[in-house]
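Quick mapping for you: the protein sequence lines, in order, are chains A and B.
Quick note on numbering: the first sequence equals residues 1 to 392 in the working numbering.
Quick note on numbering: the second sequence equals residues 393 to 449 in the working numbering.
If you are wondering where the hints come from, they were derived from the structure by calculation, not from laboratory data.
All of these numbers come straight from a predicted model, not from anything done at the bench.
C-beta: ideal position from N, C-alpha, C; glycine also.
Be aware that one or more of the hints could be misleading.
To be verified - Under 8 Å between C-beta atoms, here's a sample of chain B residues computed to sit facing chain A:
1) Gly-406
2) Val-420
3) Pro-441
4) Ala-446
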Amino acid sequence: MKSRYDVIVVGAGPGGSITAKTCAEAGLDVLLIEKRQEIGDPVRCAEGLGKEGLMRHIQPDSRWIAAEVKGSKILAPDGTEIKMSEEASSGKAGYNLDRKVFDRALAQKAAMAGSEVMVKTRATGLLRKNGRISGINAMYMGETHEIRADIVIGADGVESKVGRWGGIDTCLKPSDINTCTQFLVSNIDAGEYNKFFMGEKYAPGGYLWLFPKGEHTANVGLGIIGSKCGNVRPITLLHKFIETYLPQGKIIEMVVGGVPVSGPIERTVADNLILVGDAARQSDPLTGGGIINAMDAGKIAGEVCIRAKEEGDYSVKTLKEYEDRWRATIGKELSKSLMVKNLLIKITDEQLNQLAHSLSGIDTSKMALPKVLPILFKKNPKLLWELRSLFM
Amino acid sequence: MSVNVNRYKCGYCGACVGVCPAGALELVETWIEVNDTCTSCGICAKICPVGALAVIK
Ligand SMILES: Cc1cc2nc3c(=O)[nH]c(=O)nc-3n(C[C@H](O)[C@H](O)[C@H](O)COP(=O)(O)OP(=O)(O)OC[C@H]3O[C@@H](n4cnc5c(N)ncnc54)[C@H](O)[C@@H]3O)c2cc1C
Ligand code: SF4
Ligand code: SF4
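Let's have the full structure, built from the sequences with the hints guiding it.
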């Protein structure tokens with residue numbers, strides 16, 4: 001470890017690793033730190049993503065692809081099934097990964113590009129010089145260090161502190177988080193589709209998923225909206241589901257976690273600071289998908305750091321480009337998803353069934369969610385009226 | 393005022409850290425630390441996926 005760098009990236013998830021890689025490839029001096037001793041472990045993810053988004057950043061590799069899926073099946077509370085195609089459900093279908101291997105592969109890319117990587121190293125605060133952020137306090141193996149840099153990237157996930165330290169309020173309200181439990185279930189027929197079980201009966205204000213991870217195993221999990229959590233907990237509901245629908249299933253791994261579902265937050269940059277991925281609350285409020293968004297944002301953040309270095313200016317004036325670019329792309333999608341999520345939270349199981357029935361006779365199997373939504377709206381204008389601005 | 397973390401239940405996911413308005417929580421690898429800024433508001437206990445947190449009033 002040196003005492004100063006151009007860029008310090010806090011957190012070696014997909015967002016942090018892509019930021020570090022992008023900067024290092026352009027010759028910037030980069031330090032990527034990760035507080036865990038093993039990158040990617042424990043997993044906090046259902047591991048599904050779209051092929052197209054993935055391939056913007058890395059070529060698919062059998063070492064970290066657990067399964068390829070044909071598409072998605074959405075199941076209404078009464079069991080009515082809606083099949084969607086390859087890019088269905090906002091690109092969630094495609095591959096189901098092994099994130100432990102995937103996250104490490106991305107960190108390796110960052111390392112090979114020239115970044116220094118430190119694991120078991122936790123950022124504990126920000127350094128300041130003349131009021132400006134000038135690096136981080138870090139703890140490695142119980143020892144504290146001061147490490148300086150022109151810019152700090154907070155890619156520190158749902159539990160992000162970097163933003164708060166830098167004066168950006170990233171605190172999530174209970175209605176801004178989906179709280180989840182997932183089991184890796186073996187001894188079942190996992191099928192060839194990612195399945196989404198909708199409705200209060202499975203997951204209040206969220207959904208239950210079954211993502212195949214190979215012939216006889218699947219990630220089976222659920223997320224509920226934080227505001228409806230407390231009296232019921234994800235873990236209890238999940239046990240109930242498995243006992244009822246997968247009684248032969250054997251649980252061989254457990255995952256817990258929270259996904260930000262707030263939609264775009266007000267600010268993701270400050271002087272000498274950028275937030276990326278879950279730390280910037282860039283995960284999709286409807287699907288909970290955040291891997292691709294974190295990588296896309298990481299790429300933009302890296303490119304903006306390169307420009308800041310060229311211009312010798314790391315103030316908001318230069319970093320605003322990051323803010324503008326992610327809002328024009330990722331941000332737009334987040335806002336749309338947020339509208340749908342806010343409506344779904346209010347809809348009853350009966351109404352969900354009605355929506356599913358309204359698609360009977362329509363072949364959605366070659367369509368993705370953005371194509372199916374307008375059809376649903378046409379057939380159920382009253383129920384979906386508050387989404388009208390998306391279609392009219 | 394504080395919260396009690398059941399370390400035998402906690403899955404060290406960090407969700408509670410993300411919702412704490414006081415910034416009182418910290419996920420250090422595999423455990424949660426609580427500092428003295430906790431106001432016992434109970435939000436973390438509400439959203440914990442496994443119910444590992446309990447408010448001490
Ligand atoms: C149950 C569940 C299911 C999900 N399913 C999907 C899915 O199927 N598809 C999908 O696309 N997304 C899914 N997501 C969301 C996805 O996991 C995240 O959006 C994604 O991991 C975000 O990447 P990131 O790089 O921003 O953050 P993370 O991957 O969370 O990485 C942040 C890293 O920062 C480290 N860190 C934190 N604080 C510090 C510190 N102070 N110092 C050093 N390091 C620190 C953490 O240890 C962590 O490794 C799911 C999430 C959950 C909880
Ligand atoms: S939300 Fe619960 S399981 Fe997750 S880290 Fe906090 S106490 Fe542990
Ligand atoms: S009770 Fe409130 S203030 Fe205390 S740790 Fe939990 S969320 Fe933070």
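Hints and how they fare:
1. Gly-406: Result: holds, 3 Å to nearest chain A Cβ.
2. Val-420: Holds - the Cβ of B:Val-420 comes within 8 Å of chain A, reaching about 7 Å at its closest.
3. Pro-441: holds, 4 Å
4. Ala-446: Cβ of B:Ala-446 sits 12 Å from chain A, so the hint is violated.
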